[in-house]
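Visitor: Protein chains in written order, with the working numbering: chain A, 61 to 535; chain B, 56 to 361.
Don't read these hints as lab results, they were simulated from the structure. Some clues are possibly wrong.
[As the list claims (entries may be wrong)] With a Cα cut of at most 25 Å, we get these calculated DMTMM-like pairs of lysine to aspartate or glutamate:
{"#": "1", "chain 1": "A", "residue 1": "Lys-379", "chain 2": "B", "residue 2": "Asp-269"}
{"#": "2", "chain 1": "A", "residue 1": "Lys-379", "chain 2": "B", "residue 2": "Asp-256"}
{"#": "3", "chain 1": "A", "residue 1": "Lys-379", "chain 2": "B", "residue 2": "Asp-272"}
[As the list claims (entries may be wrong)] Between beta-carbon pairs, the in silico distance windows are:
{"#": "4", "chain 1": "B", "residue 1": "Ser-253", "chain 2": "A", "residue 2": "Gly-361", "range": "24 to 34 Å"}
{"#": "5", "chain 1": "B", "residue 1": "Leu-71", "chain 2": "A", "residue 2": "Pro-411", "range": "21 to 31 Å"}
{"#": "6", "chain 1": "A", "residue 1": "Ala-101", "chain 2": "B", "residue 2": "Ala-295", "range": "52 to 62 Å"}
{"#": "7", "chain 1": "B", "residue 1": "Leu-58", "chain 2": "A", "residue 2": "His-238", "range": "45 to 55 Å"}
{"#": "8", "chain 1": "B", "residue 1": "Val-319", "chain 2": "A", "residue 2": "His-235", "range": "51 to 61 Å"}
{"#": "9", "chain 1": "B", "residue 1": "Ala-93", "chain 2": "A", "residue 2": "Arg-449", "range": "34 to 44 Å"}
{"#": "10", "chain 1": "A", "residue 1": "Leu-284", "chain 2": "B", "residue 2": "Gly-169", "range": "51 to 61 Å"}
{"#": "11", "chain 1": "B", "residue 1": "Arg-204", "chain 2": "A", "residue 2": "Gly-330", "range": "51 to 61 Å"}
{"#": "12", "chain 1": "A", "residue 1": "Val-71", "chain 2": "B", "residue 2": "Leu-58", "range": "30 to 40 Å"}
{"#": "13", "chain 1": "B", "residue 1": "Cys-82", "chain 2": "A", "residue 2": "Leu-346", "range": "20 to 30 Å"}
{"#": "14", "chain 1": "A", "residue 1": "Gly-361", "chain 2": "B", "residue 2": "Ala-358", "range": "28 to 38 Å"}
{"#": "15", "chain 1": "B", "residue 1": "Ala-93", "chain 2": "A", "residue 2": "Trp-323", "range": "30 to 40 Å"}
{"#": "16", "chain 1": "B", "residue 1": "Ile-80", "chain 2": "A", "residue 2": "Leu-346", "range": "55 to 65 Å"}
On a predicted model such as this, the values are computed, not experimentally measured, just so you know. Beta carbons: idealized from backbone N, C-alpha and C, even for Gly.
Chain residues, written in single-letter form:
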Amino acid sequence: MSHLLITAACVAVSAWQLWRVPRVWAFLVLFIALMPKVPLAAVLGNTTPIRIDDVVLAIVLIWWARTLFRVRLKADATSPADGVGLKPDATDSPPSPATFFLLLYWGIAIACTLIGMAALTTEPLTGVLHAGRLVQYGLLYYFFYSAIAPDEFGRLVEVARTAVLLLCAIWIVQHWTHAPAAGPPTPWATLYPTFSASYDFGGYMMLATILLYALWSAGGSRSLLTTLALVTGAIVTANSESRASLLGLALIVAIDLVWHARWRSLLAMGVAAVAAPYVIASNKMLTLVHGVTSFATTLNGNVIRQAIATDPSLALRAKNWRLAFEHWLARPLLGDGLGGYLAYVRQYDLPASPDGWYVRVLADTGVAGFVAFAVLMTALLWMLVRAARPTPHSAGPLPRALVYGAALAVVAMSASAVLVDVFVSYKIMGMFWMVIAAGTRVSADAWQAACHPPARPAPVPPPALPALPTSPALS
Amino acid sequence: MLLALGAAYVGAGYGLVGVAAGVSIACVAEFIAINAYAFSYFADAVTIASRLAGRGRRPGAAASRPRQSSNPVARRARGFMIAPVPTSPAAWYLRILWNARLPFLIIVAACVGGAAVITALQTPLYASRTLMSVRPPPDVVAEFLRTHRPKIGADGRLYDENDPLRQSGPGRWAPRLTAPGLVTLAARDAGLLSAGQSLDDTQAAAWVTAEAVDGADLVRLTVWQPSPAAAQKLAEAIVARGLEANRRDEAELIAPEVHRRLVVVDLPTLPASPSFPRRDVNLAAGFGIGVLLAAAFVAARQAIKS
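Build out the structure end to end from the sequences listed, making use of the hints.
Guide: If you want it as structure tokens, here you go:
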């Protein structure tokens, strides 16, 4: 019964939100957050099936690409989708500053995969699937980049906030109405609405909370709903059973407080840390909080060593990382090719991921892919940080807050990627590229304004001189 | 790229040649499609087809390419023309990269050269590898299969084959084979150490590594030495010492259910080439570090300039 109520509430609120913001990108933001992962077809030798999400995303992206090319080719024609319920998205956007780096990473990753297929280190179907997903996530970036116009950033915040509030509401209702079956108690970690595991739920909530935090911190939006979404997002992230996400969020808050020298807020965070045992209900996350607190107060490295030795999850990671590292040693420059790790990495006797993005990139695409990825992340961070600074060409507080949130999102993702493969989760990637697209759009606008300043108004011609009286003809 | 991937997949059925042919055909198709799309802004379909076929422009079409000037001053002046403002950030990045190509290449070459020098200076080490099995005696296995009695471990608690911390097989014997005392004795047997010399933890770990193979009753032993013969000799001595220790220790166990017999599955190998330093890894790491450093240098230089 609760499932039906939750579904009905989600559909109703989403419909209301789409009525307020009738845009395809708004539909996609809500869809990525609220649509459960429903498999359609298994791919031979892969743990990840093709899902309904993939089909819907493909339809949306194809429709967008068709509209984009049609608008580009017939610039003076009226848009073909006029009159449809969801209005077409804006397509008149400046060139993306991330294209060069994205293409570099894609090109190297796909070249490594082709070579891996030829060297028989990765299965052809697996390579195609993983390369396709890589491109799919990148196209999401371009979709959001070209679809969300700068004057729609307020609506973007509204839609993202609605998605976060709905997810938090689902999570709370699920936990309130959850009746444990007979036998051993249901692990806390099994309840993550519409997500496949704690890692992608935690990752999504971390990114959403960081976006809201940046909006709040930089003065982009401090409304009641934003504050409510921020608080519930932080609480749910802390209870999401994803330690990488909690660490990422804590890192971002620490960076923000130190960067802006908000020392009184830092004291407030200390109070929040003391209150953590009363707010966090998950033993796993409490252990993490205790471990971090112990390390911060004692600065004893044995705390970390003990955590790795006693935690089965970290021990499993360590074993898989060693295997991945050995594979990298065998093919150091180009790696095995995308998806090659499925042949050797195991979790509980099943093919799985190494659960560490950097190790995986190194094993899959070698030093070449690793360097390209590092350059991509560094370039994103560089251009976003530059755009977040107040300059004569910078935009208002909301766009600047969005850029600031995007820069923080890059840092948080880079940090949590040490422990989790955050860059291959479709839900996390949907949120991540949406935030990055908004940030880079502001950056691109600033770049364009700096390179091509608006033309000076044409000089006003001097007033016409009064006609001289005709001189009498000389006689 | 996806087209090339798909074509490679289709061609994979014919082996490497099929993959190469698939990628090549896809690239040609992509080239034609992109060119046709670009030409479509300037010319009609017939002109596009004739140009792609390499027949030049249609008769009567306007000549668009400026003629090369015969004046050498004018030709030289063209080279000094101020480049136009880049139309996109990507073009801007490419221009920055192109302007800094010399320092970029120098930094990358320096890092790769440094990695090559470090590799050349490192002492080559040869690895002799051995595979050993740690399994219960056949009569114990037969008895277990007959009775399915739960086993009690050497520590007096229920024995769990799947628990790596409590199993008495490879997980227990792998660290024993690398113990400094055993390695010291084996090195003396092999004539690598004199009677008065001994190895500490660090030295023993640098000479010998042993790991339990997951999901199997195997221990993989690797011995590192500066010469192939010494590596093989030390590995043989460690195996002999390990077998002796296994016979002695297991005989002292009262419960026959937990007896484990150490058996050599694969004799110590005589390495044909050094396993250390890893030349490819070092050069790849040098290249990666070089590209990162060079990119950082170019970015920093640009930031200072602007």
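Visitor: It remains to establish, for every hint, whether it holds in the given structure.
Guide: Evaluation of the provided hints:
Annotation: proposed proximity of Lys-379(A) to Asp-269(B) holds, straight-line Cα distance about 10 Å (limit 25 Å). Among the hinted pairs, Lys-379(A) with Asp-256(B) is consistent with the structure: their alpha-carbon atoms are about 23 Å apart, no more than 25 Å. For the given pair, Lys-379(A) sits about 18 Å from Asp-272(B) by alpha-carbon distance, which is consistent with the 25 Å threshold. Against the hinted window of 24 to 34 Å, the Cβ-Cβ separation of Ser-253(B) and Gly-361(A) comes to about 30 Å, which satisfies the hint.
With their beta carbons about 26 Å apart, Leu-71(B) and Pro-411(A) fall inside the hinted range of 21 to 31 Å. Taking 52 to 62 Å as the suggested C-beta distance range, the pair Ala-101(A) and Ala-295(B) conforms, at roughly 56 Å. Between Leu-58(B) and His-238(A) the beta carbons are some 48 Å apart, a value that agrees with the proposed interval 45 to 55 Å. Distance hint check for Val-319(B) and His-235(A): the Cβ-Cβ separation is about 57 Å, which falls inside the suggested range of 51 to 61 Å.
One distance hint, 34 to 44 Å for the beta-carbon pair Ala-93(B) and Arg-449(A), holds here, with the actual separation near 38 Å. Between Leu-284(A) and Gly-169(B), the C-beta spacing of about 59 Å keeps the proposed range 51 to 61 Å intact. Take Arg-204(B) and Gly-330(A): their Cβ atoms lie about 57 Å apart, and the range 51 to 61 Å holds. The supplied range of 30 to 40 Å is met by Val-71(A) and Leu-58(B), whose beta-carbon atoms lie about 39 Å from each other.
Separation of Cys-82(B) from Leu-346(A) is about 55 Å and departs from the stated range, judged on CB atoms against 20 to 30 Å. For the pair Gly-361(A) and Ala-358(B), the beta carbons lie near 36 Å from each other, so the given range of 28 to 38 Å is met. A hinted range of 30 to 40 Å is violated for the C-beta pair Ala-93(B) and Trp-323(A), which are about 58 Å apart. Take Ile-80(B) and Leu-346(A): their Cβ atoms lie about 58 Å apart, and the range 55 to 65 Å holds.
Hint compliance for this structure: hints 13, 15 are not met, and every other hint is.
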